[in-house]
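S.K.: Sequences and hints are given; from them, build the entire structure.
Residue-level listing of the chains:
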Amino acid sequence: MDIQITEQIIIMLAALVLLTAFAMLVQRKIYGLISLFMWQGIFLALTTAFVGYIAHRYHLYISAVLTLLLKVILLPYILRMLIIKLKISREVESVVNVTSTMLIGIALVIFSYQLTAPIRQNSAFVAQSIIAIALATVMIGLLMMITRRNAVTQIIGFLAMENGLFFAAISATYGMPLVVELGVAIDILIAAFVFGIFSLHINTTFDSLDVDKMAQLKEDY
Amino acid sequence: MALLILLFVPLISAFILMLVGDRKFSYELNIIASAATFLAGVSLAITVYFTGSMLVWHNYFFVDAFNVYLAVLTSFVSMTTAIFSRRYMKREREIGRVGHRRMRFYHAMFQLFIFAMLLCLLTNNIGVLWIAMELATLSTVLLVSLYRTPGAIEAAWKYFILCGVGIAQALFGTVLLYFAAEKVLGEGGDALLWTNLAQYSDQLEPTILSLAFVFLMVGYGTKVGLAPLHNWLPDAHSEGPTPVSAVLSGLLLNIALYALVRCKTIVDGATHTHHAGLIMMGFGIVSVLVGAFSLLRQKDIKRMFSYSSIEHMGIATFAFGLGGALATYGALLHMLLHSLAKSSIFYSVGQASQMHETQEMDKISGLISGNPFVGWGLMFGALAIVGMPPFGIFISEFLILTATIKQAPLVAPVLLLGLVVAFAAIIRKVQPMVAGEVPAGQQKIKVANLPIILHLSMVLILGLYIPAFLNNWFIKGVEILK
Amino acid sequence: MKILPYILELVQVLILLVGAPLFVGWIRRIKCWLQGRKSPSLFQPYFELLKLFSKDVYLAENASWIFRFTPYLVFGITLLIGAIVPILIIDLPFSTTADVIAIVGLFAIARFFTALAGMDVGTAFGGMGSSRTMMIASLAEPAMLITVFTVSLTSHSTSLSQIVQTLTNNGILATLRPSFVFSLWAFLMIAVAETGRVPVDNPDTHLELTMIHETMLLEYSGRHLALMEWASMMKLFLFISIGKAVFMPWGIAQSGQLLAIPLALFFLIIKFMVIGVILVGFETSLAKMRLFRTTEFLGAALLIATLGMLSYFILE
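Chains as they are written, first to last, in our numbering: chain A, 1 to 221; chain B, 222 to 703; chain C, 704 to 1019.
Among the clues, some could well be false.
What the hints assert, rightly or not - Okay, the calculated beta carbon distance ranges per label pair:
hint, chain 1, residue 1, chain 2, residue 2, range
1, B, G273, A, A55, 36 to 42 angstroms
2, A, A215, B, N692, 46 to 52 angstroms
3, B, S274, A, A215, 47 to 53 angstroms
4, B, F236, A, I84, 30 to 36 angstroms
5, A, I190, B, L685, 42 to 48 angstroms
6, B, L517, A, F111, 35 to 41 angstroms
7, A, A215, B, K703, 45 to 51 angstroms
8, B, R322, C, G1002, 46 to 52 angstroms
9, A, H59, C, V977, 42 to 48 angstroms
10, B, T272, A, F111, 45 to 51 angstroms
11, C, G1002, A, R120, 26 to 32 angstroms
As the list claims (entries may be wrong) - The calculated lysine to any residue pairs, modelled on SDA-like cross-linking and capped at a C-alpha distance of 25 angstroms, are:
hint, chain 1, residue 1, chain 2, residue 2
12, C, K991, A, T99
13, A, K29, C, S988
14, B, K650, A, L217
15, B, K404, A, I62
16, B, K584, A, I88
17, A, K29, C, G1002
18, A, K29, C, R996
19, B, K584, A, I106
20, B, K404, A, A117
21, A, K29, C, T998
22, A, K85, B, E581
23, A, K213, B, E581
24, A, K213, B, R369
25, C, K991, A, V98
26, A, K29, C, K991
27, A, K29, C, R993
28, A, K213, B, Y368
29, C, K991, A, Y31
30, A, K85, B, L363
31, A, K213, B, K520
32, C, K734, C, P906
33, A, K213, B, G372
34, C, K991, A, N97
35, A, K29, C, F995
36, A, K213, B, R318
37, B, K520, A, L217
38, C, K991, A, R90
39, A, K85, B, G372
40, B, K650, A, V98
Hint data in this document are derived by calculation from the structure and do not stem from the laboratory. Even glycine gets a Cβ: it sits at the ideal position worked out from N, Cα and C.
M.R.: Below is the structure:
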C-alpha cells in the first residue's frame, strides 16, 4: 500500500478515536457506552496495525491482536456481564450539562495540542502529531470520570483513559517494549476485574451505583 | 541470586497462602514467609555492601545503595507486620469482623503486595516499575475494603479511582520518557532501563523531560499522598485493617517516593536546572502544611495518624527536592525512621481501638493503666513521630531544617511552623488517650509486643548513633542521587 | 461580451426550477415503493404547483406587506443562490458575486422573512413555528459556518467554484481526511435540519405538536403558497447541490468545457437519484425525534464540525 494513503488512514483512525471519546462523554445509555468503548478499541487496534505496517515494527501486530482481544472482546464482555448482573443494562443516566461538558472537552483538545508542542518538534514520523489526540483522549476520559456519577460509567471512563495512554505509546514511540505492554495489559485486566467486584459490593452495600451516595467519609469543617 | 529469592519468596507464598486458606497455622505461615523474605533481603544487602551496586539477570534488575536499604526496610516492616497481624487478625476473626474466605484473601494479598513493592524497588525498567506500582495499588484496594462496611467500600473506591487516575498520568510520563530515550538509546527494552537512562541523561531532550516530569510528579505524587492529591489517603488508612494501614503508611508511600526520586535524577541530568526539584519542594511544603493543620481537627485516631503520614512524606519530598548532600541524607534517614515509627504507632493504635472497639479518640482513654504496653507504645511512638529527642526523627528533621535554612531560608519558617503545629496537635490528642481512668467496657486483649518494642528501640538507637554501615549506605545513596 | 456563460447560467437556473419538483417527486415515489404503496406520477409536484397557481389568494385581514412580500423574496433569493452554486459547471458569471459565507447569509435572510411572515398574521401556530425555526437556526448556522470554514481552509478560498476546482484536482486523497469527513458528517446533519426532513421535521405531516416549517405556511394560499412550496423544494435541491459540490465534486464541468456538460448532466441525474434513495432509506428507518431533542442533535453537529476544524489544525 502507498505510504501516503496509509498515513491518511492512520490520521483518519486517530480522528475517529477522538470522536468516540467525545461520544462516550455524552452517551447516556450504559449499553451504548460499552458499544462505543468497543468501537474505540477497534479503531485503536487498526491504528496499531497500520502504524506497525508503515514503520515496519512487526511487534506492533502482536499489540494490535492483544488490543483486539482485550479491548474489543474481553473487556466489553466483562462489562456486559456486569451490567446484566447489576440489572442496569437499560439504565439511562442523567448527564448534567452536555453543552458545557462538550466545551470543556474541546478546550482540553486544544490544551493537549499546546502541551505536546515540544514532542511534535522532535518527531520525524508524521503520525506522531496524533500524540495530541492521544493526550486529549486521556484528558476526556478523566473528564468523563469527573462528570459521571455512576460507578460502572466511571469504570468505562477509566478504561477509555487507558486507551488514550496506549494510543500515546503507539503514536509517539511505536509502542512500549513488549514486556511493558504485556504487563500493562495484565494490569488493566486485573483492574477491570477488581472494578467489577467492587461495583457489585457498592450495589449491595449502598443499594445504588450512584457514587454520590458514598459520602460518609468527609472532613468536618 | 539472593535478589531472585527475595522476589520469589513473597510471590510463591502468596500462592501457597491462597491454597492453604484460613487454617490455624496460616498466620504463622505468613510470618515464616515474611521472615524468609527478610533474610533474603539481608543477605542481598550484605552482598551489595561488599561488592557495590550490581545488575542482575540480563539487566532486568538493579541494586544499589539507595534501593537495597529500602528493600531491607520493606521486608523488615512486612515481617513485623506479619507478626503483629497474627494476634490482631485472630482477634478480628473471633469478633466476627472478618470471615473465613476473607482471611484467606487477606493473607494472599498481603504477600502479593509485598512482592509488588519489592519488584518496584528492584526492577531496572521504569516501565516495569509502573506495572508493579499498579499491582501494588490493585492488591491493596481489596485489602482496604476487607471489612465491607459502607465506609470501607467508599474508602477503597476513592483510593482506586484517585490512584488509578494518578497512576495513568505517570504512565503518560513514562511514555514521554521512553520517547526521549529512544532517540538516544535506540528502540527496545534498553531505552527504559534506569541505568542507561541515568548514564545518558544529559543527551536526552530537556523540554520533553520537563513535560514528562510534570506527569510523573502528578502520577506518583498521588501515590505518595502529596497535597492536593492526598484525598484518598486518610480514608484508605482509616477504614482498612490496621496491619494494612501500617504497611500502606510505612512502606507504600516510601516506594512511590522512591519512584519519583529515581525519575527526578534522570530529569535533572537532562535539564541541568532545578526545575524538577522546585516542583517537588512546592508539593512537599504544601503537604506539610495541609497535613499538620488537618491533624488539629481529627476525631478518628487512624485518620489522624494518616494525616501525619502526609506531613512526613511532605517533609521527605521537600528534602529530596531541595537537593544537596545534607538534605538528601536527611531525607533518606527520614524515610527509614518514619516508616519504622509510623508502623509501630499503627500497631499500638490498632490494639487500642480493639480494646475500646472504636476508633474515635474521645472514647479511648486510660491506655497506660489498662494495658501498659499499648499505652506506653502509643505514647513513645507519638513522641518519636513528632520529633522529640532522643528519637531518631529529631535528627532527620534537624538535618533537613538545617539544610533548608542554608539553601532556602525563606521556606524554613514555614516548614518549622508545620512541624510545630503537628507536634502540638499530636501530643494534645494522644495525651488524654494514654492517661486517665480506664473506661468501662475496655476489653482485655492479647497484645503483640515484640514489633512495637523492636521498632521503637530502633528509632531510639538511630537517634543516639547511626551505625557505620548504615552511614556508608546513606552516603552512597546521596552520591547516587546527586 | 461573451453570451455563452449567460446562457449556461440560464440553463442552470432552469435545471434548478425544473429539477427541484422532479426530485421531490422521485423521493415520494421511492418512499411509496418502500412502503408498498402505489405511487403517484413522478410529475405530481408539478400538478400541485399548477393547481395552487390557478387558485385565488386569500389574505388574512390584518396581513401586512411583509406577508405578501415574503413569498416573492424567498423565491427570488433561492433562485439567486441557485445561480451561484455550481450545479452543473463552475465559474459561472454569478459565482463570483457571492462566496459560501454569503450563501449562508442569503439563506438566513430567507429564513428571517419566513419567520416574520409566520408571526405577521398573529395566529398562535405561526408564532410557534417561527420560534422553533429560529431555535434550530441559532444552532445550525454556526455549525454550518464552521463546516464551511474547515472546507475552505483546505482549498484556501471560500468561493464554491474555487473549492470544487481544488478538490477535483487533488483527487480521492483530498477527501480521506478527518477534517473533511467530519465536515461532511456535520453538513449532512445540518442539511437535514435546515431542509426540514426526518428526524428533525417531517414535511409530509401537519401535526401541530411536531411540525416546524409547515406551521409558518399555514396562512398562505394560492400562488403565495405555490411560491413558498417551490422555494422549499429548491432549498432541498440546493443543499444537496452544495454538499455534492463540496464533498463529491466529480463530474462537475470545469469552466469552458462545453463538451463536458452533457456528461455533467448525466452525473447530476445519477447522483440525485442515488441521493434520493439514500435519503428515503434514512427517513423510513428513523423516527422523528422529540422537538427538544433537536437542540442536542444540532449540538452534536456543531461539535462534529468543531472537531473537524480542530483535526485540520492538529492532524493535517
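S.K.: Go through the numbered hints given earlier and state which of them the structure violates, listing their numbers in rising order.
M.R.: Violated hints: 16, 19, 22 and 40; rest satisfied.
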